[in-house]
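> Protein chains in written order, with the working numbering: chain D, 1 to 310; chain V, 311 to 752.
Treat the hints loosely; a few may be bogus.
What the hints assert, rightly or not - Below, in silico cross-link-like pairs of lysine to aspartate or glutamate (DMTMM-like), each with a Cα-Cα straight-line distance of 25 Å or less:
1) V/Lys556 x D/Asp169
2) V/Lys502 x D/Asp169
3) V/Lys504 x V/Glu586
4) D/Lys64 x V/Glu586
5) D/Lys64 x V/Asp538
6) D/Lys45 x D/Asp59
Hint data in this document are derived by calculation from the structure and do not stem from the laboratory.
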Amino acid sequence: MGNQGYQTAPAGALPRRKGKFAKFVEQNIGFIYIIPWIIGFLVFKVYPFGSSLVYSFTDFNLFKGIKEVGVMNYVDIFTDKKITTALITTVKYAFMTVPLKLIAALFIAYILNFKIKCLNLFRTAYYIPSILGGSVAIAVLWKALFRDEGLINTMLGYIGIQGPSWLSDTSYAIWIICLLRIWQFGSAMVLFLAALKGVPVDLYEAATIDGAGKWRQFFTITIPLITPVIFYNLITQIVQAFQEFNGPYIITQGGPRNSTTLVAMLVYNYGFKLNEMGMASAIAWVMFIAVGILSVLAFISQKYWVYYSD
Amino acid sequence: MKKALALILALSLAVSSFAACGAASSSSSAAASGSTSAPAETTNDTSVSFSWWGGDSRHEATQKAVADYMAANPNVTITTDYGAWSGWEDKMSAALYAGTAPDLNQTNWNWLFNYDNSGATFVDLNDYADYIDLTQFSDAALEQCTVNGRLTGIPIAMTGRIFYWNADTFASAGVEIPTTFADLMAAGETFKTKLGDDYYPLVMGEYDRMIFMVYYLECKYGKAWVQDGAMQYTAEEIAEGLQVLKDMEAAHVIPTIQTLAGDGAESLDKNPKWSEGKYAGILEWDASASKFSAALNNPDAFTVGEYFTDIGEYKGGFTKVSSCFAISQSAKDPVAAAKFMNYMLNEEDGVKALASERGIPCSATALKICTDEDLLNKTVAEANSKVIDWCSFGIDPTFEDAGLKSTDGVYYDVMAGVSYGDYSVEDGAKVLMDGVSAVLEG
Numbered sequence: 001m002g003n004q005g006y007q008t009a010p011a012g013a014l015p016r017r018k019g020k021f022a023k024f025v026e027q028n029i030g031f032i033y034i035i036p037w038i039i040g041f042l043v044f045k046v047y048p049f050g051s052s053l054v055y056s057f058t059d060f061n062l063f064k065g066i067k068e069v070g071v072m073n074y075v076d077i078f079t080d081k082k083i084t085t086a087l088i089t090t091v092k093y094a095f096m097t098v099p100l101k102l103i104a105a106l107f108i109a110y111i112l113n114f115k116i117k118c119l120n121l122f123r124t125a126y127y128i129p130s131i132l133g134g135s136v137a138i139a140v141l142w143k144a145l146f147r148d149e150g151l152i153n154t155m156l157g158y159i160g161i162q163g164p165s166w167l168s169d170t171s172y173a174i175w176i177i178c179l180l181r182i183w184q185f186g187s188a189m190v191l192f193l194a195a196l197k198g199v200p201v202d203l204y205e206a207a208t209i210d211g212a213g214k215w216r217q218f219f220t221i222t223i224p225l226i227t228p229v230i231f232y233n234l235i236t237q238i239v240q241a242f243q244e245f246n247g248p249y250i251i252t253q254g255g256p257r258n259s260t261t262l263v264a265m266l267v268y269n270y271g272f273k274l275n276e277m278g279m280a281s282a283i284a285w286v287m288f289i290a291v292g293i294l295s296v297l298a299f300i301s302q303k304y305w306v307y308y309s310d
Numbered sequence: 311m312k313k314a315l316a317l318i319l320a321l322s323l324a325v326s327s328f329a330a331c332g333a334a335s336s337s338s339s340a341a342a343s344g345s346t347s348a349p350a351e352t353t354n355d356t357s358v359s360f361s362w363w364g365g366d367s368r369h370e371a372t373q374k375a376v377a378d379y380m381a382a383n384p385n386v387t388i389t390t391d392y393g394a395w396s397g398w399e400d401k402m403s404a405a406l407y408a409g410t411a412p413d414l415n416q417t418n419w420n421w422l423f424n425y426d427n428s429g430a431t432f433v434d435l436n437d438y439a440d441y442i443d444l445t446q447f448s449d450a451a452l453e454q455c456t457v458n459g460r461l462t463g464i465p466i467a468m469t470g471r472i473f474y475w476n477a478d479t480f481a482s483a484g485v486e487i488p489t490t491f492a493d494l495m496a497a498g499e500t501f502k503t504k505l506g507d508d509y510y511p512l513v514m515g516e517y518d519r520m521i522f523m524v525y526y527l528e529c530k531y532g533k534a535w536v537q538d539g540a541m542q543y544t545a546e547e548i549a550e551g552l553q554v555l556k557d558m559e560a561a562h563v564i565p566t567i568q569t570l571a572g573d574g575a576e577s578l579d580k581n582p583k584w585s586e587g588k589y590a591g592i593l594e595w596d597a598s599a600s601k602f603s604a605a606l607n608n609p610d611a612f613t614v615g616e617y618f619t620d621i622g623e624y625k626g627g628f629t630k631v632s633s634c635f636a637i638s639q640s641a642k643d644p645v646a647a648a649k650f651m652n653y654m655l656n657e658e659d660g661v662k663a664l665a666s667e668r669g670i671p672c673s674a675t676a677l678k679i680c681t682d683e684d685l686l687n688k689t690v691a692e693a694n695s696k697v698i699d700w701c702s703f704g705i706d707p708t709f710e711d712a713g714l715k716s717t718d719g720v721y722y723d724v725m726a727g728v729s730y731g732d733y734s735v736e737d738g739a740k741v742l743m744d745g746v747s748a749v750l751e752g
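Chain V with its partners taken away, still in its complex shape:
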């Protein structure tokens, strides 16, 4: 009986294995066909799954684009999966590895490097040039999304961090909106004495502080954070940057990390102190302007700031591809996904629906349509213009590596550690350098 049972179990497992192998081989062949031969267009009913992250306004705009596209293409059904950024990368990285990610995805720029080194995750979009008008994008922009010679994402917009201020709060404090670092440092004490302990001219979480520190150091020393795979700053220089952040806390310019954690808010735009104007400034992506202005009790008070001119002689700060569209290797109908991607990036209806919800478009035709039709969010456009004019540095894709940037990563550890007093600025600099070096070494 034992032999018979073993035989049945073995047979059952073999059947399961063959079924699994069959599924795997069919998907591999589909993937292979996507990369080696010209993709075939289907005219039958088809479906495309599509994922993105963002705030409410982006969700609404994207859903409208999806609905419009399906109305114009009745044979195409687009299923959507979207949410807030928090936890999104965890979910998507697992899905991309497992081959269960949606067909078309909004991806962060560094995902193209982190999750597709072997070329097994995203299709080479050069193979889909018949369906996506790549001529609308500059070579430099496409180059940033090319990994090992494969174009795995199409850049949606270029972005950078810039200051935004709540003009109402500054007016209440009787302080001009700062245009120099010295103005900002002086505003801290005025806020405290005139408005109260709860009021700060600027608020920065752990990752914001990291970006501010890089901006500060680049302004002062004129070096990119990482160049050619090597860290460009010494421990002493980084310690100086961390000390600036400590000084800002001490001068009541920014709240401590403990104060921010005590607010219990999921993100800054959902923090009541931002809405009420108690935190009167942020250093945020240009494309995030809508989200943060909408969160204010008086959105009209939302003001795009200037980069500080008194930190050093260089124009610090970096620009990067804000996000991309990429097609998974597991996509059942990559051509349909490519056509829908082109609709959102280059075609009039799609461009009009999305406008500047993902930033100022990289696509030349999309930018022309948005400009001609006056569709760009004026605040986003103003911020983007200032970012592009000022920021003179790029970033290495590893800057956003999960080991550094995630809430469990080195940036959070160092910034919170220095703020809580667990690390001296010298120790923090050493931990930061070790962490960045470890990531750069792979």
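Isolated chain D, as found in the complex:
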């Protein structure tokens, strides 16, 4: 920290001796500025984070207190059928939605990178779902679309197809929830679009002269050069997929038969329906560790497939 912000003493004047406090402030002014943030971080992030870890080793119930301490919650998580089903469903959900969402985003971004008519209109139209997608209103709309007598089945009926029970059939319901998430590819698409704009045009020109077709150019020039953005989108989408709550909560309430109960919903159910904060904390920690492991694996894997220009 320099003293550029302070006036220098006039020529000839005796240098004024600074007090210890002023000196301390001067030396640590940057840290002092961020003290409010540090306090907020400690109180609202570190403390809940730490206390949830402590609670996860108890049977803490909001209205009954703590009666037992131990690893029983973690044992239950891996032995209770309802919880293991939710864990498996969440992993399935992440593995279905993340690749499909990234492929959809990249595909649309690639098309929107060409000079076509009404380009801005299309870009806006494809981006809007990602703004609206997480909202309660869209989830309610989704439910109305896919109910037995909803718009989708009505339209299928016009072409002579008897639509299935999308929301109440255990085989279909999870796909309806996935579809809502995949539909919200706008934010990933914008990042891909920016990355595609950054690919040097002369590389394509050289490849064309060498006789490479569009597909070859896409897989040998475009994809390698945008892998940093693919990697970034992959990490953020994995994290978001594990946190998904609104869709299943509003559209199916985790049903039918728990086929759409994701881990975040289970945390809510234990924490706020059953008031069992100990179990809710333990499930949240298992989810945190699972996301952490996947993220670490992704970071380890990047040296094999992500190409940074520097």
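Given the structure of chain D, go ahead and fit chain V onto it with the hints provided.
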């Protein structure tokens, strides 16, 4: 520098902690004063926050009561927080725990037991007898809201489940409104053949099925579901009850849980199939009559049914306190909250505004005012009269425990599991018994 930084951080945290402790101790002392000494009346400007759940008609009536009270008491400001039942308990339980719940709350009966075992959540209303006329309530009614010797809620109404029918649909099918279980079972096939696959004489969600099964078993065996903290039914008897529900599905009397889920409706009163008459009957609380009749395309077709006489020799079904008013320990001015509570329960203007929106009033004076002024919803009054005359059982407060009753609870799991075929009736009975036993054991 590190030491200095650590010192600043420690000081900042200490200041925050002292501030928090100060707030906590002041609220604790307020709470303590509410429970140990006579509450003091304030004459200055004051405010009361008030929460409730319900349908639109209840919201309108309650808002009118609030507006009338504020007009008559200009020094009191009442802020309101209300909504539909769905998700309401989740929100309120967290607020009650955190001490951020409104001052005055409509509570479900079992909340008094589930959320106030330690006595830290609601005030003892015996301390506010100067402001709430407790003499208007029977000792039996007040006893039901007394937990560990503390009167933590005032019962608003007694309620029970009863059948309601859509007379138009039954007329279209050429079937009389059922008065026996055999009539109901026979109606299923007629509905299917005369009106179509989409038409059912009765509709019941998971929790409705649980209540129906208890009603059926009580009619047949004459035992309360739970008595003195112990389950009264054997696995075989429960399996028989579950089998009845399976038979009703098979006979096209009730739609499967899958069919109901496919409707995509938030609740039965918002299900278009109820409005259109495709579902022609419900088993609902007496106080819910207005909500369900208003949802029908032809509200005049809404008819209060009879309890079935051919299930067994006993009068099955239970009554319970429908809901209560309770004051939070965190209330800043519990006296003002108590006075407003008394206005709604016992005073003429408040009683007239609310009438039977929360059921037929428990308060003797409120019932007299409503009767004299012909303010009771006739359908609700008829239903309540039949409920009180017929139902001969009570319920244990744990019947509505969140672990059983919530959408993630045992009742939903068993009823949906049996309907989807994931559980045999024997397995369902075992899961149900284990779940109830776990709750009873605490």
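> Give a verdict on every hint.
Structure-based check of all given hints:
1. V/Lys556 x D/Asp169: Satisfied, since the Cα-Cα distance of roughly 19 Å is no more than 25 Å.
2. V/Lys502 x D/Asp169: Between V/Lys502 and D/Asp169 the Cα gap is close to 23 Å, so the pair holds against 25 Å.
3. V/Lys504 x V/Glu586: Measuring from Cα to Cα gives roughly 16 Å; hence the hint holds.
4. D/Lys64 x V/Glu586: With a Cα-Cα distance of about 45 Å, the restraint between D/Lys64 and V/Glu586 is violated, given a limit of 25 Å.
5. D/Lys64 x V/Asp538: This hinted pair holds, its Cα atoms lying about 21 Å apart.
6. D/Lys45 x D/Asp59: Holds - the C-alpha atoms of D/Asp59 and D/Lys45 are around 22 Å apart, at most 25 Å.
Of the hints listed earlier, the one the structure fails to meet is number 4.
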